[in-house]
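Q: Next come the chains, spelled out residue by residue.
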Amino acid sequence: MPLAKSTADHIKDLAQRYPSKQSAIIPALWAVQHEQGYVTPEAMAEIAEHLGLPASLIEATASFYSMFLTKPEGRHEVVICVNAPCMLRGADEMTAYLGRALGVRDGGTTADGAITWHSTIECLGACGGAPMMQVDHQFEENLTEERIDAIIERLRQPVAVAAPAPAAASERPKRKAPAPRRTRSES
Amino acid sequence: MAAVQTDQVTLTINGQSVTVPKGTLILDAAKKIGIDIPIFCSHPKMAPVAVCRMCLVEVEKLPKLQPACAVYVADGMVVKTTTEQVGKYQKDVLGFLLINHPLDCPICDKGGECPLQDQTYQYGPGASRFDFPKAHFDKSVPLSDKILLDRERCILCWRCTRFSEEISGERELALIQRGTNTIIGTFNDEPAQSNYQGNWTEICPVGALTSRQYRFISRPWDLDRTASICPACSMGCNIQIDARSNRIGRFQSRENVAVDDSWLCDRGRFSFPNFQRQGQERPRVRRNGSLEEVSYEEAIAFTADALKHAGGQVAGWASPADTNEELFLFSRLFREVLKSAHLDHRSGVVADAEPDDIALPIADIERCDQVVVLGGQGVIDAAPVLHLRLFKSERKGVKILKVGVTEGKRALDAIPAEAQAIGILATEADKQAAVDLQAKLAKKVKGSVRRLIVTTGPNGRGAKDLGILPHQGPGYASLNGRAGRGRLQWPGAGVKGLYVHESSPLHGFVPSDAESMWLSTLPLVVFHRFKASPLDEVAHVILPGHAFTEKYGTVTNMEGRVQRIRRGIDAEWVREDWRVLQQVANALGASWAYESVEEITGDLVRELPPYAAVNQEARVLWSEST
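In order, the protein sequence lines correspond to chains W and H.
Note that our numbering has the first sequence beginning at 1, numbered continuously upward.
Note that our numbering has the second sequence beginning at 1, numbered continuously upward.
Hints may contain errors.
What follows is a list of derived Cβ distance ranges for each label pair [stated by the list, open to error]:
1) W:Y65 - H:R215: 32 to 42 Å
2) W:D92 - H:D145: 22 to 32 Å
3) W:D9 - H:I107: 48 to 58 Å
4) W:R105 - H:D189: 17 to 27 Å
5) H:P21 - W:Y65: 32 to 42 Å
6) W:E42 - H:G179: 20 to 30 Å
In silico lysine-lysine, BS3-like type, Cα no more than 27 Å apart, as pairs [said to hold, decoys possible]:
7) H:K396 - W:K21
8) W:K21 - H:K45
9) H:K399 - W:K21
10) H:K88 - W:K71
11) W:K21 - H:K402
Don't read these hints as lab results, they were simulated from the structure.
Using N, Cα and C, we set each Cβ at its ideal position, and we do this for glycine too.
Given these sequences and hints, build the entire structure.
A: Structure, rendered in structure tokens:
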């Protein structure tokens, strides 16, 4: 699926902003992910073309950073911390329970396409609320089995009807709305 | 003297004092005094990355161990490479590197020449302390039709990815994923296209990247290694013929900084199957329409007799893969004995030939400030290793202009008048365009303008030098109006016989349609060759000869460097080509008495003094003046 013209134009613009074209790879990957929900090899090849870089470099970057998705995933993304403080407060049990509650393993997506358990993760800096997990860039702390059930219940709700996203984009199964602080405000 | 000293630093390594230029790595300073520091990721042709941590050494006053491959020497530095702490770190680093390594040395092609294996023996722990399951990946993933990748064996030294980035510039290989999941791969697992992939296997310090052709062929210690020259093109890259039980297993690179800078292209490296011999063969002579096996004596007598009958109307074609010694005798056989000037080594129309005496040496490409590649990719395709030299030069700041053959004007306009040193590269088919551009540039700029013409075949340059041409004698001597006809004119020139000598199927006599018609009507075709070809069907005599990889002699590369090729394969039942040529000549009344190739070389040098370069493997310089 080729990139939308606006995304392609944005990437071409990015290419002009840095002394080294390589510096534009991450913003370009964000742009693609915001448009298509994940980054396909075709999109990587297109980024490479727009930036005048070898495609291998785009894949190397996209695969290095865990925040870039290379395959379609659920509407919501969950990562759960297994670092030491969380572990001391029961992260192992919570991780096992999360798997049972979702019915998928680490890396899997629920059958209804609602939730992807992206991975376990090391410290996110919320040790005060250990054990914790992150749902669509929001922290969920002081986890218990009941809290996990409640969160999953909430995430399984169908997509809100009045989505603020533009009509064209809402036709595609969006994984999530772009995180505001990472979105460039383009004129 | 004082100025020199400021550029030098003196340091102590393991109690020994050593003085080296500023900007030397600890690793290289140690090497200079014979101290071996184990390495995996470091490579002399690439920038340091210090990712494998194998070369950690103690440097006084620095709190932690330092990677010798990435730390530059300083005056008064005190380095220790054999302390207890260094030894412990070497063991630990190897322990880590081996965590996921499958240790399948018994079935690994690299076993026996593997730095990981060797250094584990020398510096490593005797046993693993790692109790958990190893990470597993697919074994033998094809990266292309040439190379297999075993990701379990990979220790992520980045040598191959750095080659792809720094040496070939293609950036096909990359590190995909991160941390323990890191793998080497191509974009989207697409097959690698590079023409330099064989080098990846050579620089891989483990058995991760292996050649499909050499897979399970041999153990390194079973190989007979012969220093020779690559038969594929006129670059003259130095190779090592690795043979097992008298069959070629592979070609490996052999560093010659002036020519190949230690790399080979895949076309050359993987060309060796063309030189495998299929069984024994005897000379054959055509009687009553069919070829009959005869002895060499009989075949030589038949040949001489038939050539005599053809009188002066015989043509001779010698391949641009023959040695200088063979070409020298071939030329004498025609010019002196048969009194014919219908000599050629070319296949198509080539605007030949004056000496390329002001040729740009390959290594000097790096020292130009502007290089015009006239014909662009066509020039690279003719001698692929040139690309690596051009890319290296480009990284050093040389401006490379790739233009089409007809776009010389563009190069002329683009090069500023104050340019100091200009190089022009072109294939011999486009020599005239290169000569024209050279003349125009010489008028425009102050600096020197030199050209490098890519000749055809590993000894096309030698064939020109030695006068395997219809219009010029040895040493480009004028024939004073007694020029012969070139290959393209032979049909229709009243030629009554043809002698073809070829040493390589890569540069054989391939008849055009018109020539095929002509050949079938010729009363005499002598085919003195290594490998059977369709020419066998029209030949009246077939004289088996040695392949490029089976003979001893010298060849001249595109820049005029005379280098020695040696017998990598022993085919002693085949009579040496020079001996057969001599016997044919003697049967026709000559009285040559060469006993060895060296004697022929000696005569050759007496006739063509510039070929004294042969003794230094140096360049033949016909005249240094313009």
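Q: Are the hints correct? Go through all of them and say.
A: Hint check:
The beta-carbon spacing between W:Y65 and H:R215, approximately 36 Å, falls within the hinted interval of 32 to 42 Å. A hinted range of 22 to 32 Å for the beta carbons of W:D92 and H:D145 is inconsistent with their spacing of about 47 Å. At roughly 53 Å, the beta-carbon separation of W:D9 and H:I107 lies within the given 48 to 58 Å, and the hint holds. Between W:R105 and H:D189 the C-beta distance comes to about 24 Å, which sits within the given range of 17 to 27 Å.
Roughly 41 Å separates the CB atoms of H:P21 and W:Y65, a value that falls within the hinted 32 to 42 Å. Evaluation of the 20 to 30 Å hint for W:E42 and H:G179 yields a pass: the beta carbon distance comes to about 27 Å. Between H:K396 and W:K21 the CA atoms are separated by roughly 20 Å; this keeps the pair inside 27 Å, and the hint holds. A C-alpha spacing of about 26 Å is found between W:K21 and H:K45, which places the hinted pair at or below 27 Å, so the restraint holds.
Of the pairs offered as hints, the one joining H:K399 and W:K21 holds, with about 21 Å between alpha carbons and a cut-off of 27 Å not exceeded. With a CA separation close to 44 Å, the supplied pair H:K88 and W:K71 exceeds the 27 Å bound. Under the criterion of a C-alpha separation no larger than 27 Å, the hint pairing W:K21 with H:K402 is consistent with the structure, at around 23 Å.
Checked against the numbered hints given earlier, the structure breaks hints 2, 10 and satisfies all the rest.
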